[in-house]
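Number of protein chains: 2
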Amino acid sequence: MNEDRDIVIIGCGAGGGTAAQFARKTDRKSSITIFEKGKYPQYSKCGLPYTISVRIPDLMDLIEFSEDWFKKANIDLFLETNVEKINAKKQIVFAKKGNRIIEKPYSSLVICTGAKPYIPPIKNIDVKGVFVVRTIDDVKKIISRLSKSKKVTVIGAGLIGLEMADNLYKKGLKVTIVEALPNILVHSLDEDMAKIILDKIPNNISIFTNHLATKIEDSNAEISKVIIKDQQTGDEKSVDTDILILATGINPKTSLAKSIGCKIGKTSGIIINDKAETSVKNVYAVGDCTEYPDFVTSKPTLVGLGSICVRQAIAAGINAAGGNYKLLKGVLQTHTSEFFGVDIASVGPTKNCLNNMSVVSAKFNGTSLPDYFPGGKPISIKVLVDEYTGMIIGAQGVGENVAQRINMFACAILTGLDVNSFRKIETAYAPPIAPTLDVVTLVCDAVSMKLERKKR
Amino acid sequence: MNEDRDIVIIGCGAGGGTAAQFARKTDRKSSITIFEKGKYPQYSKCGLPYTISVRIPDLMDLIEFSEDWFKKANIDLFLETNVEKINAKKQIVFAKKGNRIIEKPYSSLVICTGAKPYIPPIKNIDVKGVFVVRTIDDVKKIISRLSKSKKVTVIGAGLIGLEMADNLYKKGLKVTIVEALPNILVHSLDEDMAKIILDKIPNNISIFTNHLATKIEDSNAEISKVIIKDQQTGDEKSVDTDILILATGINPKTSLAKSIGCKIGKTSGIIINDKAETSVKNVYAVGDCTEYPDFVTSKPTLVGLGSICVRQAIAAGINAAGGNYKLLKGVLQTHTSEFFGVDIASVGPTKNCLNNMSVVSAKFNGTSLPDYFPGGKPISIKVLVDEYTGMIIGAQGVGENVAQRINMFACAILTGLDVNSFRKIETAYAPPIAPTLDVVTLVCDAVSMKLERKKR
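Residue numbers (the working numbering), protein chains in the order written: chain A, 1 to 456; chain B, 1 to 456.
No lab work stands behind these hints: they were computed from the structure.
One thing to keep in mind: the hints can contain errors.
Copies of the same chain look alike in the list, so a pair counts if it fits in one copy or across any two.
[Said to hold, decoys possible] Here are the simulated SDA-like cross-link-like pairs (lysine to any residue), alpha carbons at most 25 Å apart as the crow flies:
id, residue 1, residue 2
1, K45, G158
2, K25, P182
3, K151, D235
4, K424, G390
Owing to the predicted nature of the structure, the values given are computational and were not obtained by experimental measurement.
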């Protein structure tokens, strides 16, 4: 144990908070300091959309670890404190809280600066009634606006966009969703799988794919309409809107990392290795500001998932405190969400990301229970397999309990399991729980048969 | 394709029916014949307990494939037809339907004779009101008896025993459960995990572990009491009972296989290899009458699970029809069930089965959702790891969605994944679905830490 170890963490989101916890677990004596720009300690960003519909009753419920918790763990948390400068040679961080400058030397520095929402080039976007969904304060503003809103437009049909649309719909608003790409959920699902969700979206929600929001019209500087344009035909439509939500992705915040020379990758994230180290000595980075290889394609990937952020933070926290923890060689990108009463889940690249690879895939539409047991719910699973090795490289699910089913595929991808062996795994069977041959098995049967036919 | 191929299958349970289907898929032209002793075509034995509480409304719902279905698939199904003799040299089966003798030559024979309930040595067991739970006709008799019954005693606290107890309880009966072993569910859960279920069993159900049922008392040849004896103290108790259910395990039915010289294993099951072949040429066997190695311990194991039966039947059906399908080198024994509102699931051996192996294990009690999301339900998972290799060799779960979680461990056991890698797998996370670090991850963290401490 090193009594002189000084660990400094920039940012107290899921990344910074988790890194601090694991650093403390690894070394009980080191000094640990977190500088957080905002006014809240570690809270769940992913929970924000659910506070709209009051599925999570109070925004403050999202706080996972209180200031008091950090105090008890002997972690110095400075809120509303901005890191202004880093001297990487002398290993000193300069932070500002109010008018006070804090000069803090470090032996290890963990950068968890996260990301900021991408703001698309929409004319007149500065009117009142346009919001992003990134922080507690963003959602406070949205909730306050909702009291005088009846019609909402959500730009972006990715995870956050659809989660927001669902929760706003549950809250009773008239919802319009606008997506620039030809499909929804392009980072999670192939077109055929996304179609299942499209069919589940209630009819009174309007959804425009392949449409760009080009302009906002206002009345007394308050949003009144958004103009959207069909990218194929060029036709324009005007959508009455009291509130506009931007859910069009994120950009990593890397200016501090850049200022000390951390290598930035093609994706614009900070490059880290399997110990969560940046290219600068004793400097780690974690979460949405980082880039890491995809497990299957090895392509650099911008990390935008809480589940990855937390795992990187475990590595950074342990290593910053003198431990030795290695990440997997790439991110599996396992993820899940739920909207309009349907769960989706996905692991590995979608077909679009695999354009140079020979892939065989199959989809199976089944149910959660044996046919004879009442109450079975639909499940669709699609599996992507490398044609030459037979290895499972991706899986997507829509329906009952797909998250845990997709986790099983995550394990298969990690271990390089071939689809022919996967389909032989005995899955847990009982009439009220799952059929003898689960959808995970049946979809792999279908892929195996396709592969066999190709070999003939 | 071989037009002269004659496939004969003995038994039309899940094994025989599935073997026939897959034989037909493999070879569209072969002749396929099934001889079934009973009067029903393929039905789900595992569904029987749920017809008691009417969760499955009608016993006939259990029939998965009708006589008509087999007809359309060009499979000759003979019901109420008993195979009397097999001439393995000449490859002929002799079956009897009523007074008619059917002489059927075969090129491949699949034995799916299943198992019969084990009847424990209880005095006076032949009185009216004592039942086993193996067939539709057994349960018809039970249902008819229930109209004049208020108190039921279930002997055996394995899967079937507890499923029956739960469904009889739901039906409104006063339930007593008697188990000879010191714990319930010994083939599924270690003592600490079984304890969680014990705590969930409603207080007005009496449960006696470590007790033997020794004697039945009757009034006019109808059961009135069962005498049970504490195996530690020798104390006897008398339990008022209108109906007694025996759920004390099964014995494989192997007399036909023995008569043609099929090798029988230590467990008293028919030994089969990874192609589902017996030791006799062109003779396959499948399901509850067979013995196959356990995947982890390699010990011969009596197959008593529908999920395994069906997978062996796929292999036997395909291979009998000239295909080439290999089973995994052992059975993972993945299984699940549900009683008293709680799911259990298990894969791999329990600790008791691993007495010669150095095992490190940990248990984690968590919840299905992040703490801040309302509605999370308890989940406990225990993981068993080989101390020297770090490989996962068993996992047990009690609580929300444990079946699919245990399937992920089944994949890990098959691939020889070590616990330190498993815990690094990104699991699917979203606030309404699962926490960032799922219980499957946290329990593996706990095991990994124990392993590290051992190495120091």
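**Q.** Up to 25 Å CA-CA - D235 versus K151, copy category
**A.** within (22 Å within a copy, 74 Å between copies)
Q | Intra- versus inter-copy proximity for P182 and K25 (alpha-carbon distance at most 25 Å) | A | Classified as neither; 47 Å inside a copy, 39 Å across copies.
Q.
One pair to classify: K45 and G158, alpha carbons no more than 25 Å apart. Within, between, both, or neither?
A. within (16 Å within a copy, 44 Å between copies)
Q: Please work out whether the CA atoms of K424 and G390 approach to 25 Å or closer within one copy, between two copies, in both situations, or in neither?
A: both (14 Å within a copy, 24 Å between copies)
Taken one by one, the earlier hints fail for this structure only at number 2.
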